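full-length UniProt numbering applies: residue 1 is where the sequence shown begins, and numbers increase by one.
Keep in mind that the hints were calculated from the coordinates and are not lab data. Be aware that one or more of the hints could be misleading.
DEER-style ranges, computed between Cβ atoms [what the hints assert, rightly or not]: (1) GLY126 / PRO41: 17 to 23 Å; (2) LYS43 / ILE144: 46 to 52 Å; (3) CYS158 / LYS46: 22 to 28 Å.
20 Å max Cα-Cα, derived SDA-like pairs, lysine to any residue [to be verified]: (4) LYS35 / PHE55; (5) LYS69 / ASN132; (6) LYS35 / GLU106; (7) LYS108 / ASN162; (8) LYS88 / LYS103; (9) LYS103 / LYS43; (10) LYS36 / SER107; (11) LYS36 / LYS108; (12) LYS172 / ILE115; (13) LYS103 / TYR147; (14) LYS69 / ILE138; (15) LYS69 / GLU171; (16) LYS172 / ASP93; (17) LYS108 / ARG97; (18) LYS108 / LEU4; (19) LYS46 / LYS94; (20) LYS88 / PRO41; (21) LYS103 / PRO41; (22) LYS94 / LYS43; (23) LYS35 / LYS69; (24) LYS43 / VAL61; (25) LYS88 / TYR78; (26) LYS108 / ALA90; (27) LYS35 / ALA47; (28) LYS36 / LYS69; (29) LYS108 / MET52; (30) LYS88 / ILE138; (31) LYS35 / ILE50; (32) LYS94 / PHE81.
Please read these numbers as outputs of a predicted model, since none were measured by experiment. Where a beta carbon is used, it is the ideal one built from N, C-alpha and C, also for glycine.
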Amino acid sequence: MNILGSIFFIAITITLIFAGAAKMISYSNTIYTIKKVGIFPEKISKAIGIFMPIFEIIIAVFLMVNPNKLTIVSTLGYLLFFIALNLKYAIEDKEIRCCCYGKFIESKLGIGGFIHYLYLLVLLIGGYACINNSIIDILNQNGIYDYMIFIIVTVSICIMVNGFLIRSIVEKYRVRKW
């Protein structure tokens, strides 16, 4: 079960590191998107735009190194915030281009993002239910060979890409009204 939990956490970790790095590369787009969303005061939008990618990378690293309760709760809060934000835009039937993955992947706030973050939430809950140690400790155990690590990381990347594909397909072919 530790290996399954590791796969789920690695998928979340790669997603968060990719999202954080993409936002860092295009800080101006991130800040613009946060201002456009309009749920934060104008004065702190810039600070949030700078802090959010750093936060994503930090919680990703902690999920790998030490998935304690604080890390899980922080990740849970992050995911629930974006689930609520995407649900708000899905219910209002608005589409706002977001900078979720910088300029690398075009995405929008709405039903696609809602489903993608629910997907990540399921991975987080499944990973937490299955894992007892840090991912690094699990991968360093006797009996875990290099080919197994390769398979674990490959499956994790496939799960991450699957989340992006689900989001892209839903955003492209979504039904306009619920």
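Inset, instruction - Sort out whether PHE81 lies within 20 Å of LYS94, counting only the CA atoms. - result: holds (18 Å)
Legend entry - Holds or violated: LYS103 to LYS43, with C-alpha atoms at most 20 Å apart: violated (25 Å)
Legend entry - Distance restraint between LYS88 and ILE138, which requires alpha-carbon spacing of 20 Å or less: violated (39 Å)
Inset, instruction - Determine whether the Cβ-Cβ distance between GLY126 and PRO41 falls within the hinted range of 17 to 23 Å. - result: Given range 17 to 23 Å: violated, Cβ gap about 36 Å.
Legend entry - LYS35 paired with PHE55 [C-alpha distance capped at 20 Å]: holds (18 Å)
Inset, instruction - Would you mind confirming whether the straight-line C-alpha gap from LYS108 to LEU4 stays at or under 20 Å? - result: violated (30 Å)
Inset, instruction - Could you grab the alpha-carbon distance between LYS88 and PRO41 and see if it respects the 20 Å cut-off? - result: holds (18 Å)
Inset, instruction - Assess, step by step, whether the Cα of LYS36 is no farther than 20 Å from the Cα of LYS108, and give holds or violated. - result: holds (12 Å)
Legend entry - Straight-line alpha-carbon gap LYS172 to ASP93, limit 20 Å: holds (14 Å)
Legend entry - LYS35 paired with LYS69 [C-alpha distance capped at 20 Å]: violated (31 Å)
Legend entry - Hint consistency between LYS108 and ALA90 [alpha-carbon to alpha-carbon, up to 20 Å]: Holds: LYS108 and ALA90 sit about 10 Å apart, inside 20 Å.
Legend entry - LYS172 paired with ILE115 [C-alpha distance capped at 20 Å]: holds (13 Å)
Comparing the model with each earlier hint shows violations of hints 1, 3, 8, 9, 13, 15, 18, 19, 21, 22, 23, 24, 28, 30; every other hint is respected.
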